[in-house]
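K.L.:
Chain residues, written in single-letter form:
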Amino acid sequence: MWRDHLTEIIIFTLLFLLVSVMGFVAARWRAPRDMAHLDEWGLGGRNFGGWITWFLVGGDLYTAYTFVAVPALVFGAGAMGFFAVPYTIVIYPLVFLVLCRLWSVSHRHGFVTPADFVRSRFDSPVLALLVAITGIVATMPYIALQLVGIEAVLKAMGVTGESTLARHLPIIVAFAILAAYTYQSGLRAPALIAFVKDTLIYIVILVAVLYLPYKLGGWGEIFGAADAKFDASPSPGDGILLNANNQLQYVTLAFGSALALFLYPHSITGVLASRNRDVIKRNMSALPAYSLLLGLIALLGYMAIAADVKPLPGASEGTVDNNTIVPLLFDQQFPSWFTGVAYAAIGIGALVPAAIMSIAAANLFTRNIYKEYLRRDATPAQEANVSKITSLVVKIGAVACIVFLDPQFSIDLQLIGGVIILQTLPAVALGLYTRWFHRGALIAGWVAGMGLGMWMLYQISSPTRKHFAGSAFPLEKFGFDTPKTIYVGIVAVLVNLLVAAILTLILRAVKVREGVDGTTSDDYFADEGDPRVTPGERRDADAAPEPVA
Amino acid sequence: MAAPEPATPAPETPLTGSSRAKDKSRWNWLLFIPIVVPLIPALFNADGPRLFGFPRFYWLQLAYIVLGVTTTTVVYQLTKKRGDR
Numbered sequence: 001m002w003r004d005h006l007t008e009i010i011i012f013t014l015l016f017l018l019v020s021v022m023g024f025v026a027a028r029w030r031a032p033r034d035m036a037h038l039d040e041w042g043l044g045g046r047n048f049g050g051w052i053t054w055f056l057v058g059g060d061l062y063t064a065y066t067f068v069a070v071p072a073l074v075f076g077a078g079a080m081g082f083f084a085v086p087y088t089i090v091i092y093p094l095v096f097l098v099l100c101r102l103w104s105v106s107h108r109h110g111f112v113t114p115a116d117f118v119r120s121r122f123d124s125p126v127l128a129l130l131v132a133i134t135g136i137v138a139t140m141p142y143i144a145l146q147l148v149g150i151e152a153v154l155k156a157m158g159v160t161g162e163s164t165l166a167r168h169l170p171i172i173v174a175f176a177i178l179a180a181y182t183y184q185s186g187l188r189a190p191a192l193i194a195f196v197k198d199t200l201i202y203i204v205i206l207v208a209v210l211y212l213p214y215k216l217g218g219w220g221e222i223f224g225a226a227d228a229k230f231d232a233s234p235s236p237g238d239g240i241l242l243n244a245n246n247q248l249q250y251v252t253l254a255f256g257s258a259l260a261l262f263l264y265p266h267s268i269t270g271v272l273a274s275r276n277r278d279v280i281k282r283n284m285s286a287l288p289a290y291s292l293l294l295g296l297i298a299l300l301g302y303m304a305i306a307a308d309v310k311p312l313p314g315a316s317e318g319t320v321d322n323n324t325i326v327p328l329l330f331d332q333q334f335p336s337w338f339t340g341v342a343y344a345a346i347g348i349g350a351l352v353p354a355a356i357m358s359i360a361a362a363n364l365f366t367r368n369i370y371k372e373y374l375r376r377d378a379t380p381a382q383e384a385n386v387s388k389i390t391s392l393v394v395k396i397g398a399v400a401c402i403v404f405l406d407p408q409f410s411i412d413l414q415l416i417g418g419v420i421i422l423q424t425l426p427a428v429a430l431g432l433y434t435r436w437f438h439r440g441a442l443i444a445g446w447v448a449g450m451g452l453g454m455w456m457l458y459q460i461s462s463p464t465r466k467h468f469a470g471s472a473f474p475l476e477k478f479g480f481d482t483p484k485t486i487y488v489g490i491v492a493v494l495v496n497l498l499v500a501a502i503l504t505l506i507l508r509a510v511k512v513r514e515g516v517d518g519t520t521s522d523d524y525f526a527d528e529g530d531p532r533v534t535p536g537e538r539r540d541a542d543a544a545p546e547p548v549a
Numbered sequence: 550m551a552a553p554e555p556a557t558p559a560p561e562t563p564l565t566g567s568s569r570a571k572d573k574s575r576w577n578w579l580l581f582i583p584i585v586v587p588l589i590p591a592l593f594n595a596d597g598p599r600l601f602g603f604p605r606f607y608w609l610q611l612a613y614i615v616l617g618v619t620t621t622t623v624v625y626q627l628t629k630k631r632g633d634r
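Residue numbers (the numbering used here), protein chains in the order written: chain A, 1 to 549; chain B, 550 to 634.
Mixed in with the good hints, there may be bad ones.
[What the hints assert, rightly or not] Under 7 Å between C-beta atoms, here's a sample of chain A residues computed to sit facing chain B:
| # | residue |
| --- | --- |
| 1 | V85 |
| 2 | P93 |
| 3 | L216 |
[Said to hold, decoys possible] Cβ-Cβ distance ranges computed for the label pairs, FRET-style:
| # | chain 1 | residue 1 | chain 2 | residue 2 | range |
| --- | --- | --- | --- | --- | --- |
| 4 | A | G451 | B | I582 | 30 to 38 Å |
| 5 | A | D231 | B | A612 | 24 to 32 Å |
| 6 | B | K573 | A | L498 | 52 to 60 Å |
| 7 | B | F601 | A | K310 | 21 to 29 Å |
Read the hints as simulated data drawn from the structure, not as lab findings.
Please read these numbers as outputs of a predicted model, since none were measured by experiment.
A virtual CB, placed ideally from N, CA and C, is assigned to each residue, including glycine.
Taking the hints into account, I'd like the entire structure generated from these sequences.
P.N.:
Encoded structure:
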C-alpha cells in the first residue's frame with residue numbers, strides 16, 4: 001500500500017528532517033546571553049519584529065488541524081463550514097486595541113501568561129489559578145488535534161499498521177523530535193520553522209486554487225457539484241447557502257470563536273513575544289492574508305466533492321474520516337512529488353502550533369501553579385527549567401491521548417475547549433479595560449459559565465451521537481418555539497457576565513474586600529523605549545531590517 | 550514578578566510623549582465596521598450575482614477580508630503618534 005506513495009513519503013521525510021535541523025539550530029538564532037530565563041525560552045526574548053511575528057502568530061493560529069478540518073466541514077455540511085472566514089475577519093479589528101494594552105501591561109510587569117495579569121490586576125491567586133487551569137485544559141486537546149492533522153496525511157500515504165503501536169510509530173517519532181528541539185530552543189524553534197511552514201502552505205494553496213478549478217471545469221462546475229450533493233442528501237442543515245435555521249448559529253459561532261481565539265494562551269504567547277505595540281498593530285492589518293488562505297482552503301472541500309473524492313474509513317466500523325479528503329484530493333489530482341510537498345506543508349503545519357501551545361501551557365503551569373503554590377522563591381533559571389520539562393510532559397500527554405483514546409475524544413475536548421476558554425473573557429479581556437468587576441464575582445461568573453456551557457454541550461445530540469455532537473444548541477431546549485440553533489459559547493459567556501455583574505453589585509454593597517490593583521492606568525500605554533518596560537536589554541543588530549532565517 | 554508591585558520604583562522617569570501612546574482616538578470607532586458588517590447574513594447569504602462562478606455567499610465574504618485590512622490599516626495610520634520614527 002505505502003509503496004505506491006514512495007515519492008511522497010521521501011519528499012515528506014526530507015522536508016520534515018530539514019525543519020527538525022532548523023528547530024535545533026534555532027537555539028542559536030538571535031541568541032541571548034542567557035537562555036535560562038522564561039523571557040528567553042518561553043517568549044523568544046520578547047523581541048520579535050513585524051515579519052517574525054507575522055509568521056509566528058499566523059503559523060500559530062492557522063493550524064494544521066484547521067487546514068484539514070475546515071475543508072472537511074465544508075465537504076460535509078457546506079456553507080456552515082465557511083464560518084471560519086468571518087471568524088478570522090472579525091477577530092483582528094476586535095482585538096486591535098485590546099492586545100496593545102495587554103502587551104504594554106505585560107511588558108511593564110514582566111507578565112508571561114494571561115493568568116499573571118489577572119493575578120496582579122485583581123489581587124486574586126484563586127482567579128489566576130482558574131484562568132491558568134482553563135488555559136491548560138483548553139490547550140491540551142488542541143495539541144492532540146495537531147496529531148490528527150498529521151495522521152490524516154499519513155493515512156493518505158498508506159502509512160498504516162495492524163497494531164496500535166505500528167500505526168502510531170511515525171507520530172511518536174515526529175513528536176519526540178519536536179519535543180527535543182522545543183526543549184532546547186523554546187519559542188525560537190517554532191518561530192524559525194514557521195517561515196518554512198507558511199511558505200510551503202502558501203505555495204501549495206496558490207497552486208491548488210489555480211490548477212484544480214482548471215482541471216475540474218471551473219468554479220461554476222465546482223459549486224454546481226456541491227449544490228447537487230447537498231440537494232440529494234437527507235440532512236436539512238447542509239447546502240451551499242445558509243438556511244433560516246442556521247444563520248444565528250453561523251453568526252454566533254463566528255463571533256464567539258473570534259472572542260475566544262486571543263484568550264487561548266498560545267495566541268497570547270505569540271503576541272507577548274513581539275517587540276513593541278507597533279508590531280502588533282501592523283500585524284493586525286497583515287494577518288488577514290492568512291484568512292484569505294483559509295477561505296480558499298475551505299473551498300478545497302467543494303473541489304473534493306467535484307472531484308468525487310471518497311473519504312477513507314474512520315477509526316470505528318462504518319464511519320468515514322472526512323479529515324482525509326484534502327490529502328486524498330491532492331493525491332488524486334497532483335503529481336506525486338507535489339503531493340509530497342503538500343503533505344509536508346500540512347505535517348510541518350502541525351509542528352509549529354504544537355510547539356507554541358506546549359510552551360504556552362508549560363508557562364502557565366510554571367508561573368501560575370509551580371511558582372504560586374509549589375515554590376514561591378523560584379529563580380528565573382528554575383522557572384525556565386520547569387517550563388522546559390513541563391513542555392515535554394504536555395507533549396507526551398498529547399501523544400498518549402491520540403494513541404490510547406479515540407481521536408473523537410480529542411475533537412470533543414477541543415469543542416469544549418473553545419467554550420471554556422471564553423469563560424476567561426471577563427477577567428482577562430474586560431479586565432484590561434476595567435477593574436469594575438469584583439474578584440469574587442468573576443470567580444462566580446466563571447463557575448456559572450462553565451457549568452452552563454458543559455450542560456448545554458452535553459445536551460446536544462445528533463443522529464449518530466447522544467451527547468457532545470457539536471456546538472449548535474437548539475433553542476427549543478430553552479423552551480423557545482423555534483428550530484433555530486445558537487453557539488453554546490456565546491450563551492455561556494453572557495450568563496457568566498450577567499452573574500459577575502450582579503454579584504459585583506452585591507459584594508460591593510456588603511463591602512467585601514476587593515484587594516489592591518497591582519497595575520496603574522499608565523501601564524496600559526507603555527511602549528518599547530519606556531524605561532520600565534522589561535526586558536531592557538536590546539540587541540543592536542535588530543535595528544537592521546528583519547533578519548530572515 | 551506576579552506579585553503586585555509597590556508604587557515606589559522609578560519616580561525619577563516622568564514619561565515623555567514618545568514613550569506613551571494613548572489609545573484614545575475617534576478614528577478607533579471605525580473598527581466597528583469590519584466587526585459588524587461580516588456578521589449580517591442578510592448581506593451575503595444569496596447565490597446571485599455570481600462572480601467568476603462564485604456565489605455571492607463566497608465572494609462577498611472573501612471580499613470582507615479587504616474591508617478588514619483596509620479599516621485596520623487606516624486606523625493604524627491615522628492614530629500613529631505624530632513625529633514617530
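K.L.:
If a hint holds in the structure, say so; if it doesn't, say that too.
P.N.:
We went through each hint and held it up to the structure:
Hint on V85 (chain A) holds. Least Cβ distance to chain B is approximately 5 Å, under the 7 Å limit. For P93 (chain A), the suggested interface contact is upheld, since its CB lies about 4 Å from the closest CB of chain B, less than 7 Å. Interface hint at L216 (chain A): violated, since its Cβ lies 11 Å from the closest Cβ of chain B, which is beyond the 7 Å cut-off. Between G451 (chain A) and I582 (chain B) the Cβ separation comes to about 36 Å, which falls inside the hinted range of 30 to 38 Å.
The supplied range of 24 to 32 Å is met by D231 (chain A) and A612 (chain B), whose beta-carbon atoms lie about 27 Å from each other. For the pair K573 (chain B) and L498 (chain A), the supplied restraint of 52 to 60 Å is violated, since their beta-carbon distance comes to about 29 Å. Look at F601 (chain B) against K310 (chain A): about 28 Å separates their beta carbons, and that is inside 21 to 29 Å.
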